[in-house]
Amino acid sequence: ETGVTQTPRHLVMGMTNKKSLKCEQHLGHNAMYWYKQSAKKPLELMFVYNFKEQTENNSVPSRFSPECPNSSHLFLHLHTLQPEDSALYLCASSQKGGKVTDTQYFGPGTRLTVL
Amino acid sequence: AQSVTQPDIHITVSEGASLELRCNYSYGATPYLFWYVQSPGQGLQLLLKYFSGDTLVQGIKGFEAEFKRSQSSFNLRKPSVHWSDAAEYFCAVGAESGYALNFGKGTSLLVTP
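Going line by line, the protein sequences match chains H and A.
If you read the first sequence in this note's numbering, its first letter stands for residue 93, the second for the next number, and so on.
If you read the second sequence in this note's numbering, its first letter stands for residue 583, the second for the next number, and so on.
Quick caveat, the hints were computed from the structure, so don't treat them as lab data.
Remember, predicted model here, so these are calculated numbers, not experimental data.
Incorrect hints may have been included.
Unchecked claim - When the alpha-carbon atoms are kept at most 25 Å apart in a straight line, the in silico DSS-like pairs for lysine-lysine are as follows:
#1 K191/H x K650/A
#2 K643/A x K631/A
#3 K631/A x K191/H
#4 K144/H x K188/H
#5 K110/H x K144/H
#6 K114/H x K144/H
#7 K643/A x K687/A
#8 K191/H x K687/A
#9 K687/A x K133/H
#10 K687/A x K650/A
#11 K631/A x K650/A
#12 K133/H x K114/H
#13 K191/H x K133/H
#14 K132/H x K631/A
#15 K631/A x K188/H
#16 K111/H x K144/H
#17 K132/H x K687/A
#18 K687/A x K631/A
#19 K631/A x K133/H
#20 K191/H x K144/H
#21 K188/H x K114/H
#22 K114/H x K191/H
Use the sequences and the hints to build the structure in full.
Here is the structure:
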């Protein structure tokens, strides 16, 4: 595997379910990101992890819970989601300290549908 | 705070024709500017970026962009479009001190034969 991978690629869940999205980067990077891409809206940064420490939480509701056990893996735990949370969730990684000057490499995303 | 406007939601061009995608930003200081492309079913890929220096920036896949401070613009251009260029294009702006990139809503490019 190369680059940034995300699993699953598609997920359908009910509002009472608990699920997790997984992201793995094979680039040796130190920073990882979660973005939400909704239809007709700009890409929204959700969380930033830098050397496994969360450095940014962009006012994300608590029903989204990130976890970064090491620099290569990033999870997004989901529980009691709402239909408006349906979107494409993109993971990205970058080399250094998570600054905007670092090129971010994106995974293909997980298409989430909340029923 | 920084923001980005991409005025064109959809653009259609003929294969072989030239392309210009517009991007306007709002930011008080010198912005860090980016263009990303997203093909169907794929993540975003960086085409080019501008931090400082020469205002005409060359990127991958034959794309270039020009930073015009007086117009607060960072338009993306390509002299001759290929069918494989059909995708969604996103302009983004960031601040030197921050982590976040602020993205535009994107422009969807359709290439016709």
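The hints, checked one at a time:
no.: 1; hint: K191/H x K650/A; in the structure: holds (24 Å)
no.: 2; hint: K643/A x K631/A; in the structure: holds (14 Å)
no.: 3; hint: K631/A x K191/H; in the structure: holds (14 Å)
no.: 4; hint: K144/H x K188/H; in the structure: holds (12 Å)
no.: 5; hint: K110/H x K144/H; in the structure: holds (23 Å)
no.: 6; hint: K114/H x K144/H; in the structure: holds (15 Å)
no.: 7; hint: K643/A x K687/A; in the structure: holds (22 Å)
no.: 8; hint: K191/H x K687/A; in the structure: holds (22 Å)
no.: 9; hint: K687/A x K133/H; in the structure: holds (5 Å)
no.: 10; hint: K687/A x K650/A; in the structure: holds (21 Å)
no.: 11; hint: K631/A x K650/A; in the structure: holds (14 Å)
no.: 12; hint: K133/H x K114/H; in the structure: holds (23 Å)
no.: 13; hint: K191/H x K133/H; in the structure: holds (23 Å)
no.: 14; hint: K132/H x K631/A; in the structure: holds (24 Å)
no.: 15; hint: K631/A x K188/H; in the structure: holds (17 Å)
no.: 16; hint: K111/H x K144/H; in the structure: holds (21 Å)
no.: 17; hint: K132/H x K687/A; in the structure: holds (6 Å)
no.: 18; hint: K687/A x K631/A; in the structure: holds (18 Å)
no.: 19; hint: K631/A x K133/H; in the structure: holds (22 Å)
no.: 20; hint: K191/H x K144/H; in the structure: holds (15 Å)
no.: 21; hint: K188/H x K114/H; in the structure: holds (21 Å)
no.: 22; hint: K114/H x K191/H; in the structure: holds (23 Å)
Checked against the numbered hints above, the structure breaks none of them.
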